[in-house]
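Residue numbers (my numbering), protein chains in the order written: chain A, 1 to 346; chain B, 1 to 282.
Because the hints were derived from the structure by calculation, they are not lab data. Note that the Cβ used here is the ideal one computed from N, Cα and C, for glycine as well. Mixed in with the good hints there might be a few duds.
What the hints assert, rightly or not - Ranges between beta-carbon positions, derived for each pair:
id	chain 1	residue 1	chain 2	residue 2	range
1	A	Thr226	B	Gly197	53 to 59 Å
2	A	Arg343	B	Phe135	30 to 36 Å
3	B	Glu25	A	Gly222	26 to 32 Å
4	A	Val283	B	Gln163	21 to 27 Å
5	A	Ser125	B	Gln37	52 to 58 Å
6	A	Phe21	B	Arg134	51 to 57 Å
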Amino acid sequence: MRPLSLQRLLLRCAALAAVLFVVVVIALKLGAVPVSLYGLGRDLIRVMLGRSSELSTDYGMIVIDIRLPRILLGIVVGASLSVAGTSFQALLRNPLADPYVLGVSSGAALGAILAIIAEPHLAISPELAALFTPLGAFLGAAATIAAVYFLGRREGQIDSSTLLLAGIISASFLSAIILFLMTTQIGRDMHGIAFWIMGDLSTPLQQKLRWVLGVGFVAAAGAIYTTASDLNLLLAGEKEAMHLGVDVPRVHLVVYIAASVLTGLAVSVSGAIGYVGLLVPHVMRFIFGSDHRMLLPAAAFGGAIAVVIADTLARTVVAPAELPVGVMTAMAGAPLFIYLLRRRLA
Amino acid sequence: MSAQTAARTSADTARASGEARLSVEQVSYAYSANPSQAPLFTLEATSFQARAGEILAILGPNASGKSTLLKLISGALQPLSGRVLLNGFVTHSLSPKTRAQRIAVVQQESRLLFPSRAWEFVLQGRHPYARPMRFETEDDVIIARNALAQVGAEHLGDRWMDQLSGGEKQRVILARALAQQPLLLLLDEPTLHLDIGAQVDLLDALRRLAAENRYTVVVVTHELNLAAEYADQVVLLQRGKSLRIGPPANVYQRELLEHVFQTSLSVELGSSGRPRVNVLSG
């Protein structure tokens, strides 16, 4: 009998952070323009010391100005989607729940697109305009998860197959509306369509959005983490959790809002990247067990690692062309989904 | 068991001594699909009391309101009228945390979404005592280990929950309830999926625990003979009405039981001085 201690939690997080660091360095090195590991290390140190003007080569600029921001974006997006997936799995008591499978990502994408379409018609200051798209995405995510939750109920109970069907149908319905709006309102833009439907990290982030994304992630993931031990008990059912002292409605509300924020933020900057929230929590649960005090931070690191790897592959496998990152995550995630579904039915 | 006794505040003990610990006062309830229609099920006003160390069985056929009464006692449901007091506090008004420190509920089925080890499961019983973001303390581990020992399940600690037999699982679930260090232990059909040997084991353990730890135990069951053998008091329910409340010898009368359970049976006095029921075929 050896329960989780703070020391063990931090040790494991440090190990995951080290893996993430190695992945980031490899991702910085790989790409259309070759960079030496030595030059890379020297440039990274110079940037950290605030001496960007002394970068060794022109290639250094490519690495620091183009690859690094994209990798950082991938880290936050991956961590957000993965923590959101872990939370949805506990909240809905369904191991197959994930923002993409449940249609929540599509709802967030639709919300973001509606915000983009509406924004020029509204008189809002440029400062608030930066917040408008993520806000639309959050509302889209929150509305979708509420709709899927109610559609997925049968005789007052959540039924996992009905829930998944409701999510998949919602995703397809919302994608159709996205395509319709993209074609009629924004003009046929294949890159834009691929961005919202498959997810893509190649669009550079506006300076203001970086803050929104960073602060939003820390606040929402932190809020979910405060309920970590409650989520452990919720896995056994709402009644049992209540009898063990969990304030079930409060935990539901916190996790519902925070997971919608995470999905909304991730989707508003990278589109609907699929399966990260499904694949990563399962792998982490397999390695570290299902205690959410360990699982949530592990999922955050794991999501970051997975998306950085997927995006590096997306940049390099068909170079000089590029794939949307969602193509890579779907290629890995969809077979895993089928495997988990089969195992559950068996 | 010093930790067990230390958890009780002196005020609690003072209040509990000499008087009833659990007091169900004119409690009624009604289920209805929508408020404008007549209720689908009603539980008529019911009153009884139980002291520390006492085992009370709620007995009755299916759909007699046993589980509803248990939910009302646990505070999960708010009574339509009347109130349930535990040491003078209304159970429904307690915060979820406080309630879980005083009342432990063992449900019929405990389904897990992801695998967990028995000791992790028992440690969940310490949740009502933990502050958020806190990790289990050394004391929590000792209490959980003691709880496993009290139900004779020390050896099961490292096993996975989904690999335990029905009887073993039920003991681990009971150990989690003990880890809550409650005043009141509520069990909903705890013997449902157990063979007769495991049923006797479980009820022997309950009687011993009630005596040693001064728990008040309320068991919902439809096993007439187990209730007769182990309960100090029986509440006999039929279609939402409590027909008789008292020691088994007073409640177990042939005509009454035949009427409630709709079958012919005989009642005799067993060797233990408690009534024994035989169902007559034909």
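Hint check results:
At roughly 45 Å, the beta-carbon separation of threonine 226 (chain A) and glycine 197 (chain B) lies outside the given 53 to 59 Å, and the hint is violated. The given range of 30 to 36 Å is respected by arginine 343 (chain A) and phenylalanine 135 (chain B), whose C-beta atoms sit roughly 32 Å from each other. Distance hint check: the CB atoms of glutamate 25 (chain B) and glycine 222 (chain A) are about 45 Å apart, inconsistent with the given range 26 to 32 Å. Between valine 283 (chain A) and glutamine 163 (chain B) the Cβ separation comes to about 23 Å, which falls inside the hinted range of 21 to 27 Å.
The hinted window of 52 to 58 Å between serine 125 (chain A) and glutamine 37 (chain B) holds, with their beta carbons roughly 54 Å apart. With their beta carbons about 30 Å apart, phenylalanine 21 (chain A) and arginine 134 (chain B) fall outside the hinted range of 51 to 57 Å.
Going through the hint list in order, the structure does not satisfy hints 1, 3, 6.
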